[in-house]
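Go ahead and model the full structure; you've got the sequences and the hints to work with.
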Amino acid sequence: MIMPPFLHKFTLTLHVTSSVGLLGSIASFLALAIVGLTSADDQALRSAYPAMQPIARMVIVPLAFAALLTGLIPCLGTAWGLFQHYWVVVKLLLTTFATTILLIKMALISEAARLATETILPRADLHAAGLQLAVHAAGGLTVLFLPMVLSIYKPQGRTRCGWRKQQVKLSVVKP
Amino acid sequence: MVDPVTGEYKGPPRWVKKSAITAVNLVLLFAIHFFSIGGISAMHPASTPQ
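Just so you know, the protein sequences line up as chains A and B, in that order. Numbers 1 to 175, taken from the working numbering, label the letters of the first sequence in order. Numbers 176 to 225, taken from the working numbering, label the letters of the second sequence in order.
Some hints here could point you the wrong way.
[What the hints assert, rightly or not] With a cut-off of at most 27 Å between alpha-carbon atoms, the simulated BS3-like pairs for lysine-lysine come out as follows: (1) B:Lys-193 - A:Lys-9; (2) A:Lys-105 - B:Lys-185; (3) A:Lys-154 - B:Lys-185; (4) B:Lys-185 - A:Lys-169.
[Unchecked claim] Computed, partial: chain B to chain A, Cβ under 10 Å: (5) Val-180; (6) Thr-181; (7) Gly-182; (8) Gly-186; (9) Pro-187; (10) Pro-188; (11) Arg-189; (12) Val-191.
Calculated from the structure, these hints are not laboratory results. Glycine is no exception: its CB is placed at the ideal position from the N, C-alpha and C atoms.
Take a look at the structure:
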């Protein structure tokens, strides 16, 4: 099924917006994690960790799913296909992996926000949680930067499935 | 990758193979680091002694 050009451009616009927005929101999350990790001020800790929770829940998670879903639609609706080119498969795997890790880490984000609201601030626990969150945010930023690079460069290489489909098309074209 | 002479399919291109090897190396590196510090339970704040 080939998508009409206007629909393809619309979904592509949504995909680029959500993907770039995701990178930006993870960068802001990382900034808060670094503040939580490095600040000696109790007030800064009590502000940074609880702020990370709504950013993750209301911005990062929806944008991650939006990037994943809006990425699938143009693939299925155009000649690129979903499993025909290696760069598309790698991009899908990286985004799925990053989204899965994000969902797994949501509990830790809530835990860090909860710890930051305790009367006596558990600094050691918050530091351990903050370290994990900072490492995962930096890792997520790196992992999600790669799909963007792949989308721009579109490195060559068809999968076996893509090669077979190309052969079928060529045999149909040839008399 | 397609053989330019025979036109036969010759498996994934070099960048896919190199990326896969790098990914496996990173996973192994993470696994070694992860187990050397005592696993996920030691990192999780909920399990840290109060």
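For each hint, the structure was consulted:
{"no.": "1", "hint": "B:Lys-193 - A:Lys-9", "verdict": "32 Å, violated"}
{"no.": "2", "hint": "A:Lys-105 - B:Lys-185", "verdict": "40 Å, violated"}
{"no.": "3", "hint": "A:Lys-154 - B:Lys-185", "verdict": "20 Å, holds"}
{"no.": "4", "hint": "B:Lys-185 - A:Lys-169", "verdict": "19 Å, holds"}
{"no.": "5", "hint": "Val-180", "verdict": "16 Å, violated"}
{"no.": "6", "hint": "Thr-181", "verdict": "13 Å, violated"}
{"no.": "7", "hint": "Gly-182", "verdict": "9 Å, holds"}
{"no.": "8", "hint": "Gly-186", "verdict": "8 Å, holds"}
{"no.": "9", "hint": "Pro-187", "verdict": "6 Å, holds"}
{"no.": "10", "hint": "Pro-188", "verdict": "4 Å, holds"}
{"no.": "11", "hint": "Arg-189", "verdict": "9 Å, holds"}
{"no.": "12", "hint": "Val-191", "verdict": "5 Å, holds"}
This entry does not satisfy hints 1, 2, 5 and 6, going by the numbered hints stated previously.
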